[in-house]
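Undergrad: Residue-level listing of the chains:
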Amino acid sequence: MSHEVIKHPGLNLGAAHGPQHDASEALMFGFWIFLMSDAILFGLVFASYVTLVNATAGGPEPHALYDIKSVFIETLLLLASSFTFGMASLALKYQHSTARLIGWLMVTLVLGVTFLDFELHDFVSMFAKDGVPSRSGFLSAFFDLVPLHGLHVAGGCIWLICLVGQIAKYGVDTQAKHGVMRLALFWHFLDIVWIAIYSVVYLAGLA
Amino acid sequence: MSFAEQFQHPLGRLSLESLPFWQMLNDPTRGNVINGVIGTAAALMVVIGTLVTIAMITKYRKWSVLWSQWLTSPDHKKIGIMYVVLALVMLIRALMEALLMRAQQAFGLEGGFLSPDHFAQLFSTHGTIMIFFVAMPFLTGIINYVMPLQIGARDVSFPVLNSISFWLTAAGAALVMISLCIGKFSTGGWFGYPPYTEASFSPGVGPDYWIWALTLASLASTFSGINFAVTIYKKRAPGMKLMVMPLFTWTALCTSIIMIFAMPPLTVAMAQLALDRYLGFHFFTNELGGNMMNFANLFWLFGHPEVYILVLPSFGVYSELISTFSGKSLFGYRSMVIATMAIVALSFAVWMHHFFTMGQSANINAVFGIASMLIGIPTGVKIYDWMWTIFRGRVRFTVPMIYSIGFIYLFVLGGITGILLASPTIDYQVHNTVFLVAHFHNVAIPGALFGLLAGYHFWFPKAFGFRLNERMGKVSAFCWIFGFMLAFFPLYALGLMGLPRRSVAYTEPSYVPLEIAAFLGAILLTVALVTLVVQLWVSIKQRDKNRVFAGDPWDGRSLEWSVSAPPPEYNFAVIPVVTGRDAFTLAKEGGKAYPLPESYTDIEMPKNSVMGPVLGAIGFALAFGLVWHILWMVILFFVAAVVTMIVYGFARDTTRIVPAQQVQQEHRRWLDAVAAATGISRADEYQSANQGLAEMTIHEVPA
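Quick note, the sequences are listed as chains A and B, same order.
The opening position of the first sequence corresponds to residue 1 in UniProt numbering, with each subsequent residue numbered one higher.
The opening position of the second sequence corresponds to residue 1 in UniProt numbering, with each subsequent residue numbered one higher.
Treat the hints as calculated values from the structure; they're not laboratory data.
Be aware that a few hints might be false.
List time: in silico SDA-like cross-link candidates among lysine to any residue, alpha-carbon distance up to 25 Å [to be verified]:
1. K474/B with L436/B
2. K7/A with K545/B
3. K234/B with D653/B
4. K607/B with Q175/A
5. K235/B with Q664/B
6. K607/B with V53/A
7. K234/B with L76/A
8. K93/A with K234/B
9. K234/B with V50/A
10. K234/B with G10/A
11. K545/B with V634/B
12. K474/B with K235/B
13. K169/A with A517/B
14. K235/B with I33/A
15. K169/A with G155/A
16. K184/B with E97/B
17. K235/B with V5/A
18. K129/A with I33/A
19. K241/B with Q175/A
20. K7/A with V244/B
21. K235/B with G179/A
22. K607/B with A23/A
Predicted model, so just to flag it, every value in this text is computed and none were measured.
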């Protein structure tokens, strides 16, 4: 059995995929670098939040606005969605049936959309308590950081739907495979960002 | 109109008042007429320039060629050339603005002729354009053209993304240009500090034009950085190890790394300022907990690394051409690489020296002051390496060499004033004076611009197959060098005499002689630019005398000289195998240049893509809608952008095959031309006899 060459960090397609495995190298590497740049973006928005968290300007403060129960459910949803995406990646790598791949992707999509639904409810209830972004520097920073992550998740959901569309049209071809692999990285990346949001924004805000 | 009403109006806040001559017609005071005439003339230049260009293309029936060969091309060489063209066009405007500002200050004792508002727009657009739409596209264009050729690649890793980057930059530039015709640009300077640029103090469209132009440019540069870094890491020819890469490629890599990490702070700063202005957030406002220091930190966390984005590629160009025109391999290659990497690391640790006076503790100032001074060390290493490369070389005093030598002298001066400014105590004295203006022009013009112009002269024959007129080039180079000195050395003195930067007028008579000297310098710089344009014109006229199809007019050392001029679209008929530094010189010395391959294979190249122009147009329209609060436009083009990307995801069959037979035919035709050409000695490079084949004698001086 020949030695399997690892082309890039993360889940590789494997030599069984032949040229598709080789062609993924530059593409995946480029996507890693994009994520690095995106991580800097999030890092700076986090920094803005940390510097402005006390700038409540007499408006509502974190403990009056955050609902830890809802946020905990969101966390579980997102972590579960990362697991189900992992299952989709394995289905891709070991060339299980297309139905199984799409099945896991759809479960991930449902979890992602449910997460967004919970998050929107959080925002609406914050709005009801005068927690609007124009109220204070703190709320501005909050509504820059958390919805930025939410927008990323929404973008990931749209991307996921498009990939399922591509698979429906072309089958699991090279581009669809590479698409699923990149979306997987993106999805797990957003999971990590959410852990940071859960810790820095919610846990620290309620501590 | 209230904010909400503006967004409900089909034209947003667009009205006749947005036209540059409206105020002059309605309130014809002397000042309004002068400013109106200047503004209208500038707008007319944009409109007429655009119309004439469109008319000429239509007259000569070039639309289809332009579209299929250039605008939609994913070829890194063509994209590179388009970047440089964009940069030169924008350079004309930004230099005209500089001339106008110098004229205003020369006559600025007790007034001058421009209104303060007009003057503020001039320095804001001048800075914004020079940084984002001259220097950035120029260096991105040269990296685009040269780097893949130097590493033995057929294209960048993501050719369509490359095209998108270009078009987003062009959209940003177009936004700045249209601000001349409709509405006004920002008056907040190129770094647009809030709270001045917040809606409460600058309610007009100016800061919005600035925000969205910079956002487009910022996204484009992030993508370019990713693209170049991946290309250099993943697409090098066999044997092209990292420590074998030409130094220009090294600086391209380091520049890309800075782009990847330093562009996000700009994107964040622009997004947060936009949220403040559009949705009433409080990031940088005076009230309700906003903190403008966050903007200063974010902006300069981008802004200082940006300085090294501008200067590193030029360092790479100097390294290439000093080595080539001295006939020696580069002295201290390894130290050059280490110095470049050290500059990248330090570039992220000095941003606070842009605002020593803004209230942080003395200890923090000291840390950042020392870090800033440290940058002098790797830069000094580079200067010595260049000088040792010239030392005992057979130097040809060519146009690029004139720029290089001017650079070495002047950049050392600029560096020394930088060390002065890095000391917080001195900075407190000269902060916000024209001393600073003199300093950063002293590093930016000799450091970045001279290098890019030298690179333009150096690689022009490679890109177009004929050499530029040498004599005109020399005139232009000397005009740039002496014009720069005359324009900016007086500003050092004026700064020490206390003239604040951005002064529209002053009351101190002793400033006048120095101001007039600086104005004459600005005129000389304008002459330099005109000469550059004339040189291009003359060179095109004389092109048949100066053809260098064989591809190696300067006895070049790296792989880009080992192919025809201009190169075929796939660059290399057969990917070369590299054995060491100065790969092409090695091949020439070993008698292995111009090998005849045994066989040719099919080459897969990317197909043309409309993604670039389409996303560029959408980006422009979206930004325009945002600037003018035209809601339907914003929604329409945002949806269009998303749909376009989704549709592109469904695209398959994006490559095409160049058949082996065609490759063979083109390659053999070139090899025949090489065989027919007579080798030219280094001394005779400027004769018509130079057909792009260097004499195969070895007169290498040991390094």
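Undergrad: Could you run down the list of hints and mark each one as holding or not?
TA: Verification of the hints:
At most 25 Å may separate the alpha-carbon atoms for a hinted pair to count; K474/B and L436/B exceed this at roughly 30 Å. The suggested pairing of K7/A with K545/B is violated, with an alpha-carbon distance near 50 Å, which exceeds 25 Å. Taking the CA atoms of K234/B and D653/B, the gap is near 23 Å; set against the 25 Å cutoff, the hint holds. Only pairs whose Cα atoms come within 25 Å are accepted, and K607/B paired with Q175/A is accepted, the gap being roughly 16 Å.
Taken as a hint, the K235/B and Q664/B pair is honoured in the structure, with Cα atoms around 23 Å apart against an allowance of 25 Å. At roughly 50 Å between alpha-carbon atoms, K607/B and V53/A are farther apart than 25 Å, so this suggested pair is violated. The suggested pairing of K234/B with L76/A is violated, with an alpha-carbon distance near 38 Å, which exceeds 25 Å. Taking the CA atoms of K93/A and K234/B, the gap is about 23 Å. The hint holds against a cut of 25 Å.
At roughly 38 Å between alpha-carbon atoms, K234/B and V50/A are farther apart than 25 Å, so this suggested pair is violated. For the given pair, K234/B sits about 17 Å from G10/A by alpha-carbon distance, which is consistent with the 25 Å threshold. As the CA atoms of K545/B and V634/B are separated by approximately 53 Å, the hinted pair breaks the 25 Å bound. Of the supplied pair hints, the one linking K474/B and K235/B is violated, its CA atoms being roughly 37 Å apart against a limit of 25 Å.
For the hint pairing K169/A with A517/B, the CA-to-CA distance comes to about 69 Å; that exceeds 25 Å, so the pair is violated. Of the pairs offered as hints, the one joining K235/B and I33/A holds, with about 16 Å between alpha carbons and a cut-off of 25 Å not exceeded. Among the hinted pairs, K169/A with G155/A is consistent with the structure: their alpha-carbon atoms are about 21 Å apart, no more than 25 Å. Annotation: proposed proximity of K184/B to E97/B holds, straight-line Cα distance about 15 Å (limit 25 Å).
Only pairs whose Cα atoms come within 25 Å are accepted, and K235/B paired with V5/A is accepted, the gap being roughly 18 Å. Annotation: proposed proximity of K129/A to I33/A is violated, straight-line Cα distance about 40 Å (limit 25 Å). Taking the CA atoms of K241/B and Q175/A, the gap is near 30 Å; set against the 25 Å cutoff, the hint is violated. Of the supplied pair hints, the one linking K7/A and V244/B holds, its CA atoms being roughly 23 Å apart against a limit of 25 Å.
Proximity of K235/B to G179/A is assessed by CA-CA distance (about 21 Å); at most 25 Å being required, the pair is judged to hold. Pair hint K607/B plus A23/A holds up; C-alpha atoms about 17 Å apart against a cutoff of 25 Å.
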